[in-house]
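**Q** Now for the letters of each chain:
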Amino acid sequence: MKNNKRRLFSKALFKQSCKANGLMWLIITVAVCFMLSCVMLISGTSNISSVKDGVQDTIIQEVITSEIKKTSINVEDKALNGEKEFDSKFTSKFNELNTKENAIRFKAYKEAKTQEAYLKCTNLIKDLVTEKITNAVEEKVLSEENEIQSEIANAVAADMSTEEAADEIGALMAQGKTQNEAIEEVKAKYIALETEKIKNEHIANAKAAIIASKQEEYALEAQEELANELNEIQSEAEADVTNKFKEMYVIPSYTYASDSIKLYYDEDSNEYKVTMLTINPNHLLDSEYSKNNEEIPDEYINDFSFYMLSDVENYEYNDCQGYSLLEFITNDRSEFLENRAAKACAMVVGAKLTSADYKKEILNILKDYKVTEEKYDAMGFDYKNTYKIAYESIVEFQNKLNYEYSLIDENIKANEDLYKAKKSEIHDKLFIDVAGSLLDKLPENVSDGIHELGTMDLYGLIVGSIFFKMAGLLLPIIYLIMCSNSLIAGQVDTGSMAFVLSTSTRRKEVTFTQAIYLAGSLLLMFICTTITSCICFAIADVTTDLTYLKLILINLGAFVTLFAISGINYLTSCIFDRSKKAMALGGGISMFFLVATMLGLFGSPVIPSVVRISALNNFNYVSLISLFDVVSILDGGNAWIYKLIILVIVGLAGYIMGSIRFEKKDLPL
Amino acid sequence: MELKEEGLIEIKDLTKDYGNERGIFDINLNINKGEMIGFVGTNGSGKTTTIRSILGFIKPTKGEVYVNGMESWKNQDKIAKLVGYVPGEIAFPDLKTGVNFLKSQAEYKGITDLSYADSLIKELQLDPKANLKRMSKGMKQKTALVAALMADSPIIILDEPTTGLDPLMRDAFLNIIKREHQKGKTIFMSSHMFNEMEDTCDKVALISNGHIIDIADMKAIKNRNEVDFKIEFNDAESFNKFIKMNFKIIRIQEKYNQCTIEINKDNINDLFLKLDGLNVKFISEVKYTLEKHFKKIMEGNNDEK
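Going down the list, the sequences are from chains A and B.
For the first sequence, counting from 1, position 464 maps to 464 in our numbering; every step adds exactly one.
Heads up, our numbering is the position in the second sequence plus 1000, with the first residue counted as 1.
Bound conformation, chain A alone (with noise of 0.2 Å):
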C-alpha cells in the first residue's frame, strides 16, 4: 500500500500507451529516417548545386590568379627598384672612379700594350719574311748551278792560262810531282776559290733581285699565313687592356653597386634576393635559372662597356668626366630594366607559387571555400602557368604603368613632389585594375554575395537548416499533437479514462506515465534519426563542415525542440477535456511555429543575401524553432546551447504544468 502511494510510473498503462501509439510511432519513425536518408543521399551524391559549384571554382581561380598577380606585380616592383639603385650606384661609383689620372694611367697602358703587341707582330712578320728570301734565292741559285759551272770552268780555264798558274805548276813539279799531278793540284785550288766567288756572286745577285722584286709580296703571304697567331696577339692585349679596364672600373662600380643592394634591401629578405637573382652579377646566380629550365640572361652590365669606355677615353679630350653612362642608365635603360625583371619575377613567382609551403598557405587563404590539396592540383596552376600569368601581368602592369605616366600633365611633371604624388596613385590604381579579382572590381554587396554564394556549406544547410528545422520536424510534430491528444485528452473525452482512473491508478501516476511515454517515444524517435543519419553521412560523399559530432549534436537539438512542442502539446492536452480544443490550440500553435520557421528561413542569414527577403526574418522571432540554432551548432559556436536550455525549460514548464492542472481539474468520466 505504501509502496503504492510512492509510485509514480504505471507499467499498465505505458503498455497500454504503447499499443494505442506504437503502430503511428513506428510509421512516423520510419517515414522520417526515409526522409532524412533521401535527403542526406540524394543531395549527398549527386550534383546539388552546380551553379554554386561554378561560382565557386571561378572564385577560386580568380583568387589565385589575382594573388599570384599581385605577388607578381609587387616582386617585380621591387626588383625593378633594386635594379634602378643598383643602376645608379654602379653611375655614381664608376663615375667616382673615372678620375683624369685613372684615366691616363688606362690610356698608358692601353697604349703600351698596344704597342707591345704591334711589336710582337712586325717581328713574327719580318722572320718569316726573311725566311721566304733565303728560301727563295736558294732556289735560284740552284736552278742556275749550270750557269755557274760553265762560269766556274771558264773563269778556271782563264785563271790556268796565266803566268801565276803554270808558276805554281812549275813550283810544285819542282817539289817532285808530275806535270799532271801538278796541273790537277793547281786546278782544284782555282775551281775552289772561282767556285766560292761565282757563287757569292749569283746569290748576291738573285737577293738583290727577289728583294726587290718579291719583297711586299712576301709580307701580304706572312701576314695572312700568320692571322692566327697575329689575332691572338691582338686579342690577348684586348683582353689585358679589358681586364685592366675591369679591374680598374667595372670591378670596383660592381662590388659597390652590389654591396649598396645589400643596404638598399636587407640581405635577408625576398627583396634582396629577387633583386640579386634579376641583376645576375658576374652569372652567380645561373644555376637558379638553369633549375628552372629558363633562359640564362645576358650578363647584366653588356651594355654598359661601351659607354664606360667612351667616358674614360673621352676624359682627356673633355677634360671633365663623361656622363654618356649615366645618360644611358639615365634615357635608354627603362625597357631593358623591366625586360629582365618581368622574367627574372615570372620565375621567382613560378617557383614560389608552387612551392609545397605556398601551397598551405592558398589553402589557407581558400579555406572558406573548403579547397583541397587534390582540387587545387586540378585547377593547373604549375609552374609553366603561374609564369605566364606572371609573366604577362606583369608586362601587362608596366605597359599600361608608362602609358599613364606619359599622360602626365607637364606642369605637374615639373612639382616633383606632384609628380611623385601622382605617379603613386596611377601606380595604385592600376595595381587593383590589373592584380585585383574579379571580386575586387565588383560592387561590394554584389561580390559579397558571391563570395558567400560561394563559401556556402549547401549540405549543412539542406542537412542542418531544411531538414531537421523544418521538413524533418513536420512529421514528428504530427505525431506529437496526436499522441499527446490521444495520451490525456482524447481518453478523457471519450471517457476511457475512467477505466484507468477506477483502477487506483493516481493522476499523478497517468500524467507521469504519459509524460515518459511521451518524451521517451520521441527520444527514441531521434535515436532512429540519429542512427541513420550518421549512417547516410558515412556514406554520401561530400565536402561540408558537417561533422559526425555536429550531426549528432542537430538531432539532439532537433529532439529538444520537438521536447519542447511536446510540452506545449501535453499541457493543452491536459487542459482541455475535448481532443479538438486539445489538438486546435496545442497542435495550431506547433504549426504556427513550424510555419513561421518556414517563412523566416527565406529572411534568415543561411539562406545567400542574393535571394533573402529580409522582411520575412522577423517570423523568426515569433517561432520557438528559432532557439534550435542550427548555424551556431554548424561554425562550432556556443550560442546554441543556451537556447536549447531555454527550450528544455519550455518542455518541462508544459509537462509539469500540465500534470499539475490534470490533478487538479474535474474529469467528466
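Each statement offered as a hint is correct.
Here are the simulated lysine-lysine pairs, DSS-like style, with alpha carbons at most 30 Å apart:
no., chain 1, residue 1, chain 2, residue 2
1, B, LYS1074, A, LYS664
2, B, LYS1109, A, LYS665
3, A, LYS214, A, LYS199
No lab work stands behind these hints, which were simulated from the structure alone.
Using the hints provided, position chain B relative to the given structure of chain A.
**A** Relative to the frame of chain A, chain B by itself:
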C-alpha cells in the same frame, strides 16, 4: 480492509454548481454496507455528476463525499480500490480486443486470478475476442461489467447500466447485479427507468433538477395497507350511487362512468358488499408503483409551490 457497516458511502450537502441552475445541490445520502441503492432521475437531473463526485473525478463546489470514511476527491485512488465502476457512456482504451482490455484492466487492478472474470464472461455469453471498436452497445456494456466485477470490489457503482439493452439482456444483467448484492456487496446504480429499480433495490432515491426529492424504501411501498381499484359502471345511475358512498375517491372520469378509489385492505369485503346490486362493467386493481409513488410526491411538491 475493514468496511464501515453504517454509512459506507456518505454524501453530505454535496453541491456541484455548473451555473444556470445546472448541477447538483445539497445532496444528502447515506448508504450502508450491503445496501443496494437505486438512483433515479430524468436525463440531466444530476445522476452522473453525483456518481463522479463519489468516485472523486470532480471536486465538489460544496460538501463532501466519504467512501468508507475517506474523502473522495483527495483519496481517489484509495476509493478506486473499493469500487467497481461501469461508466454510463462506455469508451474503451485504444486496445484491440476485449481480451486485451480485460487483461490490461486486470493488470491495473493487480488481479492475477481471472477465473471469476471467465465465469462472468460465460454467463453473459460474451465473446471477449471481438474487436473493441466493432462491439455493439450491449457487448460493450457486458465487457465493462466484467471489468467492474472481476476484482470482486465491495462497492459496485453502475451508471445507467441497462440503457440500450434488450429486455432479455437487461434481465440477465440485473440478475448478475442482484447476485452480487446477495453476496453482500454494496451497489449504487443509476437509471431513468423506475420499474427496474422496483424489483432490485432496497432504497431508491429520486433526483430531479439536481435535488433529491425523495428516498423511497421499497419495502414500505410494497407492503402498503391501501389498495387502489378502478371501477367502471354500465350506467350513470349506478355510478352516481357509488360516488355518494363513503369511499376515498382519488380519480373520477364521469364520461366513462369510471372512478378510482383507495381502500384499506381490511375494508375490501365492505367494498364488494356495497357493489352488490350496482351495474358494474369491470373492476381492476391499480398497482401502486414507484413511478406512481414519486409522481404523487412530485404533484404534492408542485401543489405546495
